[in-house]
Amino acid sequence: MRLPLALPLLLAAGCGRASPPSPPDPRVHTIVLPDLAPPELPDAPGRAMLYAACSTCHTPRYVLDQPPLPAHVWAAEVDKMHDVYHAPFPEEMSAPIVAYLVAVRGAGD
Amino acid sequence: MQNRVRRRDFLAGVGVAALTSRCNDRGVPTSDAGPATGAWPEKSPALVLHAERPPNLEMPLQYLGHDLTPNELMFVRWHLAGIPLKVDLHTFRLTVAGHVQRPLSLSLDEVQKLEPVSLVAVNQCSGNSRALFSPRVPGVQWGGGALANAKWTGVRLRTLLERVGVRPGARSVTLRGLDKPPIEGPPPFVKSLDVERALDPDVLVAWAMNDRPLPMLNGFPLRLIVPGWYSTYWVKALTEMTVLDAPFDGFWMAKAYRVPRAEGADEAPDRLAAETVPISRMNVRSLVVQPEAGARVARGAPYPMQGIAFDGGSGIARVEVSVDGGVSWRDAQLDPDLGKYSFRRWRLAWTPTEPGPKTIAVRATSVAGEVQRPTPQWNRGGYMRNAYERTPVVVS
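Chains as they are written, first to last, in the working numbering: chain A, 1 to 109; chain B, 110 to 505.
Take these hints with a grain of salt, some might be off.
[To be verified] Partial list, derived from the structure: chain B residues whose beta carbon lies under 7 Å from chain A:
{"id": "1", "residue": "Lys-195"}
{"id": "2", "residue": "Val-196"}
{"id": "3", "residue": "Leu-198"}
{"id": "4", "residue": "Pro-247"}
{"id": "5", "residue": "Pro-295"}
{"id": "6", "residue": "Glu-401"}
[Stated by the list, open to error] Below 20 Å or equal to it, Euclidean Cα-Cα: the simulated SDA-like pairs (lysine to any residue) are:
{"id": "7", "chain 1": "A", "residue 1": "Lys-80", "chain 2": "B", "residue 2": "Glu-384"}
{"id": "8", "chain 1": "A", "residue 1": "Lys-80", "chain 2": "B", "residue 2": "Ala-382"}
{"id": "9", "chain 1": "B", "residue 1": "Lys-222", "chain 2": "A", "residue 2": "Pro-26"}
{"id": "10", "chain 1": "B", "residue 1": "Lys-195", "chain 2": "A", "residue 2": "Ser-22"}
{"id": "11", "chain 1": "A", "residue 1": "Lys-80", "chain 2": "B", "residue 2": "Gly-294"}
{"id": "12", "chain 1": "A", "residue 1": "Lys-80", "chain 2": "B", "residue 2": "Phe-360"}
{"id": "13", "chain 1": "B", "residue 1": "Lys-195", "chain 2": "A", "residue 2": "Asp-35"}
{"id": "14", "chain 1": "B", "residue 1": "Lys-260", "chain 2": "B", "residue 2": "Asp-320"}
{"id": "15", "chain 1": "B", "residue 1": "Lys-289", "chain 2": "A", "residue 2": "His-72"}
{"id": "16", "chain 1": "B", "residue 1": "Lys-364", "chain 2": "A", "residue 2": "Pro-34"}
{"id": "17", "chain 1": "A", "residue 1": "Lys-80", "chain 2": "B", "residue 2": "Tyr-366"}
{"id": "18", "chain 1": "B", "residue 1": "Lys-195", "chain 2": "B", "residue 2": "Arg-321"}
{"id": "19", "chain 1": "B", "residue 1": "Lys-195", "chain 2": "A", "residue 2": "His-29"}
{"id": "20", "chain 1": "A", "residue 1": "Lys-80", "chain 2": "B", "residue 2": "Pro-387"}
{"id": "21", "chain 1": "B", "residue 1": "Lys-195", "chain 2": "A", "residue 2": "Pro-24"}
{"id": "22", "chain 1": "B", "residue 1": "Lys-364", "chain 2": "A", "residue 2": "His-29"}
{"id": "23", "chain 1": "B", "residue 1": "Lys-467", "chain 2": "B", "residue 2": "Leu-396"}
{"id": "24", "chain 1": "A", "residue 1": "Lys-80", "chain 2": "B", "residue 2": "Pro-290"}
{"id": "25", "chain 1": "B", "residue 1": "Lys-195", "chain 2": "A", "residue 2": "Pro-34"}
{"id": "26", "chain 1": "A", "residue 1": "Lys-80", "chain 2": "B", "residue 2": "Ile-292"}
Honestly, the hints are just simulated from the structure, not real lab data. Remember, predicted model here, so these are calculated numbers, not experimental data. Glycine included, each C-beta is placed from N, C-alpha and C at the ideal position.
Based on the provided sequences and hints, a complete structural model is requested.
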């Protein structure tokens, strides 16, 4: 009869000594995104400028997702990023970035 | 270790992709989007990666075999890299303010105490199938899988607007989520609906997708559901609505997601439309799910073809299928109706008699009488594709 009584006491004592980890708050929802390295873009003049101008806001994979596009379409995209999305690059960087995009994803005009 | 291997495989995949152009399920070259390696929270590893920052993930077309798309498989599309990674329901609030009598600020619990409404509705990105445009256009190069169908449960937006008391002269309601631009400068993602559209009793502020909480990447804890309209209006992690006494002219309405006013959203690459309007209602569309493009189909045995059709909210009246590339057509059978905003599954048995290549084509007619177009439209945004889709197969 003594043993069954002692067990719960021991367990209770064990619980009391360890400080229980606080359970996650079910009212706080969090996610962790996978740590995917951005792809390395093909090497061509202007690549470093593109990285500097574009990758603050989005992955350079955006470039690889695009089909070959004519130069005027690429120029309009870069102008849109600069003028409307206020991407953090000076206007004089636009031409070399467009040249890079045409080199790696260009199509005849 | 496991992570390192995964990353190495992933980088190797990118290297291959950079050398060889990928093709979509219809044999059309698309992009160098790779497989979605990496564990996207609450999402299936089957999704295809277009971008990791912000996350843009596409569902392979075979999963259109589900009438209700499992939450794990629904496509993911964000515009701004500052997506919500943490939502604290102790502090989360949905606010409705502006040109109203009694501004409102509600916790999720308070929203969920309002009368719930459920409906099944198609969620389709405006640019779904952009990769099929010819000539090609910039933007996320979706194949066909920026498309899903789910049961949504929430409160009517109308109920919230009645609570706040929209004042006379109200014109529009702006919709903003928890996502933010990663730096100062880019315009925050704010959309709007005209008040008349916002008061439609089928527009919901939803907290459940297929009877479960929304995955974070699909808009937890609340998402606007605008059945029949493209998902650009289905603002995720909805937190702020403002009633205006004027039309809203923010970037995402005035400059982005606009289509030619012309019938079919058509324009020519060398003669762009002078007049554009915000994209709105989905046009009628259908897709073949089985057989898949490139499949071998056995001669002399009935093959159970099936697929889906949907429109902008009148419902599907008729689906016709051709196995000779669009010369002759047969009516398909339609599965039970899950609601006028839902996928409608079509089925037709086909017993091929001759071996060789065949092209299956499908076209749907809506209850409102709209029929799919035989030839694709073109517009600079790559929006609203709804030509008959053609699926090449080989009979053997």
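Hints, verified against the model:
1. Lys-195: holds, 5 Å
2. Val-196: Holds: closest Cβ of chain A sits about 5 Å from Val-196/B, inside 7 Å.
3. Leu-198: holds, 4 Å
4. Pro-247: holds, 5 Å
5. Pro-295: holds, 5 Å
6. Glu-401: violated, 23 Å
7. Lys-80/A with Glu-384/B: holds, 19 Å
8. Lys-80/A with Ala-382/B: holds, 18 Å
9. Lys-222/B with Pro-26/A: Roughly 19 Å between the alpha carbons, so the hint for Lys-222/B and Pro-26/A holds.
10. Lys-195/B with Ser-22/A: holds, 18 Å
11. Lys-80/A with Gly-294/B: With Cα atoms ~13 Å apart, Lys-80/A and Gly-294/B stay inside 20 Å; holds.
12. Lys-80/A with Phe-360/B: Holds, because 12 Å separates the two Cα atoms, which is no more than 20 Å.
13. Lys-195/B with Asp-35/A: holds, 17 Å
14. Lys-260/B with Asp-320/B: holds, 7 Å
15. Lys-289/B with His-72/A: violated, 30 Å
16. Lys-364/B with Pro-34/A: The given pair, whose Cα atoms are some 32 Å apart, is violated under the 20 Å limit.
17. Lys-80/A with Tyr-366/B: holds, 14 Å
18. Lys-195/B with Arg-321/B: Distance ~18 Å between Lys-195/B and Arg-321/B Cα, so the pair holds.
19. Lys-195/B with His-29/A: Holds: Lys-195/B and His-29/A sit about 5 Å apart, inside 20 Å.
20. Lys-80/A with Pro-387/B: Cα-Cα ~18 Å, so holds.
21. Lys-195/B with Pro-24/A: holds, 13 Å
22. Lys-364/B with His-29/A: Cα-Cα ~34 Å, so violated.
23. Lys-467/B with Leu-396/B: holds, 16 Å
24. Lys-80/A with Pro-290/B: holds, 16 Å
25. Lys-195/B with Pro-34/A: Between Lys-195/B and Pro-34/A the Cα gap is close to 15 Å, so the pair holds against 20 Å.
26. Lys-80/A with Ile-292/B: At roughly 16 Å apart (the allowed maximum being 20 Å), Ile-292/B and Lys-80/A satisfy the hint.
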